[in-house]
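Each chain, letter by letter, is given below.
Protein chains: 2
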Amino acid sequence: MTPPREKTETRPTIHIKKMAIDTYRENVAYLHRECPLYRAEGFQALSKIIIRANGHHIYAVLNVVDDANIVSPEELGLAAQAFHQLDLPPGSDVTVEHAGTPPSMDAVRRKIAGERLNPEDFRHISRDIAENRYSRMEIAAYLVASGQTGLDRDEILHLTRAMTESGERLNWQEPMVVDKHCIGGLPGNRTSMIVVPIVAAHGMVMPKTSSRAITSPAGTADTMEVLSQVELSPEELYRIVRQERGCLAWGGKAHLAPVDDILISVERPLGIDSAGQLVASILSKKLAAGSTHLLIDIPVGPTAKVRHMQEALQLRKLFEYCGDRLGIHLEVVITDGSQPVGCGIGPVLEARDVMQVLENLESAPHDLRQKSLRLAGRVLEFDPDVRGGYGYGIARDILDSGRALEKMRAIIDAQGKPLAPFTLGTLTYDVCAQEAGCVTMLDNFHLARVARLAGAPIDKGAGVDVFKKLGDPVNIGDPLYRIYAEFTASFNFARTLVEHATGYQIGARDAVQRQYVEF
Amino acid sequence: MTPPREKTETRPTIHIKKMAIDTYRENVAYLHRECPLYRAEGFQALSKIIIRANGHHIYAVLNVVDDANIVSPEELGLAAQAFHQLDLPPGSDVTVEHAGTPPSMDAVRRKIAGERLNPEDFRHISRDIAENRYSRMEIAAYLVASGQTGLDRDEILHLTRAMTESGERLNWQEPMVVDKHCIGGLPGNRTSMIVVPIVAAHGMVMPKTSSRAITSPAGTADTMEVLSQVELSPEELYRIVRQERGCLAWGGKAHLAPVDDILISVERPLGIDSAGQLVASILSKKLAAGSTHLLIDIPVGPTAKVRHMQEALQLRKLFEYCGDRLGIHLEVVITDGSQPVGCGIGPVLEARDVMQVLENLESAPHDLRQKSLRLAGRVLEFDPDVRGGYGYGIARDILDSGRALEKMRAIIDAQGKPLAPFTLGTLTYDVCAQEAGCVTMLDNFHLARVARLAGAPIDKGAGVDVFKKLGDPVNIGDPLYRIYAEFTASFNFARTLVEHATGYQIGARDAVQRQYVEF
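Heads up: the sequence lines are chains A and B, in that order. Just so we're aligned, residue 1030 is where the first sequence starts under my numbering, counting upward by one. Just so we're aligned, residue 1030 is where the second sequence starts under my numbering, counting upward by one.
For reference, chain A alone in the conformation it holds in the complex (with noise of 0.2 Å):
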């Protein structure tokens, strides 16, 4: 029920009060059952409700509490997100009122039917999710909506357009601004901290703004707040690209896309994944960063994000249809996403390999390098002045010269020391081979929750050290990983999950199955 706008009549105010209990991503209001506004406005538990004060307004879930000690009948509980959103000094006077469906609900709703959506329905969607006024179901309805009817490539286009809009850009008064994106799925795979190092010391602007891990063990922030700080105001981040090229740092201080950070909240939980919204998730907080050129990485695997060739191609077209309409120079390579690229998984082992490649250590993870390598090459050809098929041996050169591993020092200074000495956890245990063969099958998922309930990425030192990789040999009692912990429950987590499965299939050595991947 959509309340009508109120004309000429003033509305009673209420207090704020502060509550100290945090929401996460949701807004929540607590009203006194016996507060005159509660029954005057007819409101309900759960019931949806516009906060207003200095013609600035908050969306809030409203929880209704009867007991004084928690919120008096003269006060509005703010839990801390909505708190925080409404930016006002506890005590301020506002009014409430009924919140009722966001406006734009009308076109998700045409798109549950089927409809095709235009521009402006995107935008408007947009929007309403960017101001909080989508409840998490509406959240889920439109993206069950939009991944099932599917949105077309032009669909796509508008949404990435709209998710653009939603927020901040940066600007980094370049001609040119490059970045690599790997579209995920693949534990480990952090590839992106010796890329920025290697491209940045050939003297490319490559500003990396990456996000945290929501369902993965590691994302490249969690990894490299190991070494440096991570959480930069975009004045900060324009301030140490300017000095060194590149940056590694979290996008959440930035405001990049905030609708894709919503909508991701929700889609993740429920595990649904639809190109479309991929597509233009991506590329939404790419433009928003101010990226003009962008390698993407699709890793294609049995057990990897994109499991076809031929999915990994639609996905591809998707992608460089988009990006050429937006402006963007767009590149996709299709990766081998048969096992985690690296050993550790977790951000302490991670950032580990990562120094262990750019120092040119014997015992540097050979796969990561080489896909290092590979994706430093073709991003260094965006340079005009690269020639084709070029780019490799330069990054090599770079790297062998110890030029990467210079500027990943300045880049690290530059962001400043990491918050807390992150070290690895002192609980481990060696899953063990129990029989002799050779390794044909590594399930990327199975590894990637094993290191999650032993902690990943929340603390840092935990997660899975990998020992043998695809058509290693093994005989029966070899250690295949190592997990680490931090604290007993989670090890204890972790532990009862290998015992039903290890992730391994070991077998005969003509039943290694490889995906061999070109690029």
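Some hints could be false.
Just so you know, same-sequence chains aren't split out, so a pair can sit in one copy or run between any two.
What the hints assert, rightly or not - Quick list of in silico lysine to aspartate or glutamate cross-link-like pairs, EDC-like style, CA-CA up to 20 Å:
| hint | residue 1 | residue 2 |
| --- | --- | --- |
| 1 | 1446 | 1414 |
| 2 | 1498 | 1365 |
| 3 | 1046 | 1126 |
| 4 | 1346 | 1459 |
| 5 | 1047 | 1095 |
| 6 | 1046 | 1429 |
| 7 | 1046 | 1095 |
These are computed hints drawn from the structure, not numbers from a lab.
For this one, chain A is given, so just place chain B on it according to the hints.
Here is chain B on its own, set in the frame of chain A:
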């Protein structure tokens, strides 16, 4: 992340505290950020958790508290609904663990991908929803997926069975138990309160259990509550029906198809509707209520739930297909849904209309009387002793002779006097015609919305009293309807709405849109 099953380990316990916070249909638990359990388990705000004690468990959503005055680090706070569901004394010891995604979400994801689900899938989904394992966004995903890809008619059958099995079933110990149900969308239309006394007076068993209004201005339960008590236990219902052959009660106390209530609590605010869900919802409730014979009323009209005859016919086939396979004798009638039935909209006003019809008053709304007699006639024809086509005449005799009124009084006595005397709201406002002519269109949705804003159904004396119906001649200044309200804020809401639109169209006599529906 699904938690592994624990084997031998015993988990740490925490004692529960009741929090007087009403979170409606959502279980919410509160844990202090400094609580050792919180840290060890790696919970985050909005994590889903399982709370266990004595072999009993509930699911809840976690809110994280930073104020020991709300919840101390030694306690787990439970909001009212969660506390009630767990059903343990305050201070009881419980364990808490990650709940993860409900296992049947796999089936929902398959449905999103367009697959057909089997009976087992629907049983698992129903069980998980009944156990509160689904968050509201997961329910939204399920509803959109099954509405959009569509359920085929066998899937609807499976879903109906699964939903029926999710709760209790009433057993009237009678060979024939009749019922009627309107799919809704028409304001007024309180025919059940006339049909039940007629049919019960004839001697057939008609125990009517109804819901309360969710998005409409009054349900049968809300209206009956003006005349008698409606919150009756199954035992009380058995006693009343043994004595009177009929009842008019709220179904909520009998736990019939509880999954249906949960689905509706998400479906309605989202404003999404699917034929499959509608049929499964109605049939599962009726099966659980022990009905053997059921008359379904589908009103068709430009502002009704079903707008075209073709749609009504599709729905009729679907009801027939499922009803036949579920062993319920089912008949469908398609009726005129072009305007409200009766004059009053809102509990007190609708109760007035019903009693006028039963009392055979001159002032009784003719359309409500006619429609009730037709429906009652069709229900009476379920009786093998009633010759086809003779039901209407029998119904009219029972009504005209005063036997229906007598039966209604007996049912009211048996159910008990109302909890309070409900009277019409004292704030009134007449909405008048701005032009002369004939009423050519009445907008059901708009009138329902005016009545809702005026306070119905929570304020029983609030609503709309309709003076002019389709085809009636009007002069400038003639009152079209009167708004009744009990509280000023609601009164002003309703008045502001009608300033923009009355919900009436006035035009030439020959422009009257009539839906000719025979049954």
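Right, here's what the structure says about each hint:
no.: 1; hint: 1446 / 1414; result: neither (35 Å within a copy, 90 Å between copies)
no.: 2; hint: 1498 / 1365; result: within (13 Å within a copy, 70 Å between copies)
no.: 3; hint: 1046 / 1126; result: within (17 Å within a copy, 31 Å between copies)
no.: 4; hint: 1346 / 1459; result: neither (43 Å within a copy, 62 Å between copies)
no.: 5; hint: 1047 / 1095; result: both (17 Å within a copy, 11 Å between copies)
no.: 6; hint: 1046 / 1429; result: neither (59 Å within a copy, 62 Å between copies)
no.: 7; hint: 1046 / 1095; result: both (16 Å within a copy, 14 Å between copies)
Violated hints for the displayed structure, listed by number in ascending order: 1, 4, 6.
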